[in-house]
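Quick mapping for you: the protein sequence lines, in order, are chains A and B.
Residue numbering for the first sequence follows my numbering, starting at 919 and increasing by one per position.
Residue numbering for the second sequence follows my numbering, starting at 326 and increasing by one per position.
Hints in this document: simulated from the structure, not taken from any laboratory.
Errors might be hidden in some of the hints.
With a straight-line cut-off of 25 Å between C-alpha atoms, the simulated DMTMM-like cross-links for lysine to aspartate or glutamate are [what the hints assert, rightly or not]:
(1) B:Lys565 <-> B:Asp376
(2) B:Lys565 <-> A:Glu1192
(3) A:Lys1048 <-> B:Asp355
Letter by letter, the chains look like this.
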Amino acid sequence: MWIYFLRRTVLAIAIVAIAVTLLRVMIHAVPGDPAVMMLGPRATPALIAEFREKMGLNEPFHVQMVTFFANLLKGDMGTDVFTGRSVTQIVMEQFPYTVELIFTSVGWAALVGIPLGCYSAIRRNTLFDKITGIASVGTISIPSFVMALYALLIFAVGLGWLPAVGAGEGTLGDRLHHLILPSLAVGIPWVGYTARIVRASMLEVLGENHVRMARAFGLPEMRIIFRYALPIAILPTITLLGVGVAYLLSAAVFAEVIFARPGIGSLIVNAVDERNYPIVMGCVLVTTVLIVVATMISDFVNALLDPRAREGL
Amino acid sequence: MSTAEDSGGTRRKTVGDGAFMQHLRQLSRDQLGMLGLILVLLIVLGAIFADWIVPYDPLKIYAGPRLAPPSWEHWFGTDQLGRDVLSRVIAGGRVALQVAIATLAAALSVGLLLGLIAGYGPRWLDNALLLLFDAVRSFPIIIFALAVVTLIGPSLYTVILVVAITSIPNYARIVRTQTQAMRTNEFILAERAMGAGPARILAIHILPNVIGPLLILASMDVPLVISVEAGLSFLGMGVKPPTPSWGTILNDGYSYIRNSPWPVIAGGIPIILVTLGFTFLGEALRDIFDPKLRKDL
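Model the full assembly from the supplied sequences, consistent with the hints where possible.
Dropping the structure here:
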C-alpha cells in the first residue's frame, strides 16, 4: 500500500515536471522572439534588449530551464511584465475564488445528482428515469459557457432574481448569493454525470446479496436504500472527481468571465489580452498542478477502496 | 479483441451492403439516435449549402435596424452592426464543422501513429510515451489554449492545433491498449514467423482492427471540439471577426445582453443542437457497433 502511494507520488511529480518542460519548450519552439511578442510590434530595440536581459532570455536554453526549475522549487514563478509584482502572489490571490467556485459546483452535483441518480435507479424504467437519463446526457454534452450565458440571461437579466456581476463582498450570505448562478452553470454537467454514475452503480448494488438479504429480513425499503445501498453506490463518484477537475477548471474560466467574477479564469483572460506571458504561465502551472494532485488523490482513494487498483502501477 | 474485429474495416468489406442496412434498421429503432442523426444532418447540410440558404449576406452591414428583435424579415433579429443573425448562425456552422473535421483528422492520425508505436514498440518507449500522454492530459484544455494563443496569436489554426494536441493522448491510449492486446495474437505471431516486419504487421494487420472503435470515439468527440472552438471564439481568442462563428456571435451578443438578448439566444441554440445531435447519434452508434466500448467511457 505504502509502496503504491510512494510510486504514485513520484509519478505525479514526474508528470508535473514534464508538463512544465513542455510549456517552456513551447515558448522556444514558436517562431519569432518571445520578447518581441510580449512587448508588441512597436517596441524599440533597446526595450527589447532590456526585456530579454530581465527575463533571462539571453541565457542558453538549458541554463534557463535550470534557473526556472530552481525558482519554481522556491515557489517563485517569475515577475509580472507590467507591474513587476511576483507572479506567485498575483496568482495565489485569485486562486481561492476559483477553488471556491469549483467546490460549490461539485456541491450542486452532489446535492442534486446523487438524489436524482438514486431515485432513477429505484424507479427504474419509469418515465422519470427516462427523462432523467436524457436530461443527463443533454447536460453533459452542452458546453458550460452556453449554460452560463443562458443562466445569466434567464435568472439575472430576465427575472432579476440573482446578481449577475462580481463575487460579492463581506458577508458569507452575499458571497453565496453571488455564487449560485456561476456554480450552477459550472456544475450542471456534473449533476447529469453524477446522476448517471450513481444510477448505474446503485442498480448494481441493489442486485447484490446483502441487499437481497436485508429485503428477506423485511427491513423497510428506505432503510435498505439509505443504510445499505446508497453509501456503497456513491463511491464511484469520488474517483470521478479526479478526472473532473480539468473540466471544472475550463468551465470555471468561462463562468468567471461571463459573471465578471475574480479568479484564475478572469486573470488569465486579461493576461492573454495584455500578452502578459509570465502571468499566463503561472496560471497554467497552478491549474496543471491542481489537476495532477486531484487525479492523484482520487487514485489514492480508489486504491484504498479497491486493492485491485494498486496493481496497475 | 473480438470488439475490434467486429467493427473493423476488414469484415465490413466482405459483408457489404447487407450489414449497413441492418445497422441502419437498428439505428431507426433508437429514437434518440434518430433525433441525433436528423440534427447532425441538418447542421451538416446547413454548413455545406450555407451560401445558398442564408437569407442575407452574413458579413454585410445593413443600414436597417440594429439589435432588432426577431421579425419576419430577420428571424433571429439583427446584431449591433445591423447584420442578420440567422445568416450568421448558418454560416457559423461551416466554421464549426471545418474546425471539427480538421482537428479530428489531425488528432486521429497522430494519435493512431503514437498509439501503435507505444503498443508495439519496446517497453521503455511505451513508458516514455505514456508519461508524455499523462503530462499533456494534465493541461486544462481552455487554459492551455489561452497560453498557446498568447504565444502564436488567435486564429482558426491555433484552435485546431490546441484541440488536436490535447486529444491525441486519448486516442493514442486506446490504440495502445488494443495494439498491446493484439500483438500476442496467433495470427500476428504467424506473420512474424513468416518474416513480416513491424511496419507491415502494424499497417496491414493491426491498423484495420483498431480503427473502427477509434472512429466511433472520435465522432463522440465532435461536440467537445466544437464547444472548444466556440468557447475560444467567445473569449475573442479563436476565430477573428468578422468571420461568423457561433462563439463570436455569442461574444457580440454578450456585450449587449441587457438590452437585446436575441443574439445570445440565437448563438447558443446551434451549439446546443449540434452537441446534443452528435452525442445522441454517437451513443446510438456505439451501442450498435460496439456495446463493449461503454465500459471504457
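Do the hints match the structure? See the list:
1. The hinted pair formed by Lys565 of chain B and Asp376 of chain B meets the criterion: a straight-line CA distance of about 20 Å does not exceed 25 Å.
2. Restraint check: the Cα-Cα separation between Lys565 of chain B and Glu1192 of chain A comes to about 17 Å, which is no more than 25 Å; the hinted pair holds.
3. For the suggested pair Lys1048 of chain A and Asp355 of chain B, the alpha carbons sit about 13 Å apart, so the restraint of at most 25 Å is met.
In this structure, every one of the numbered hints holds.
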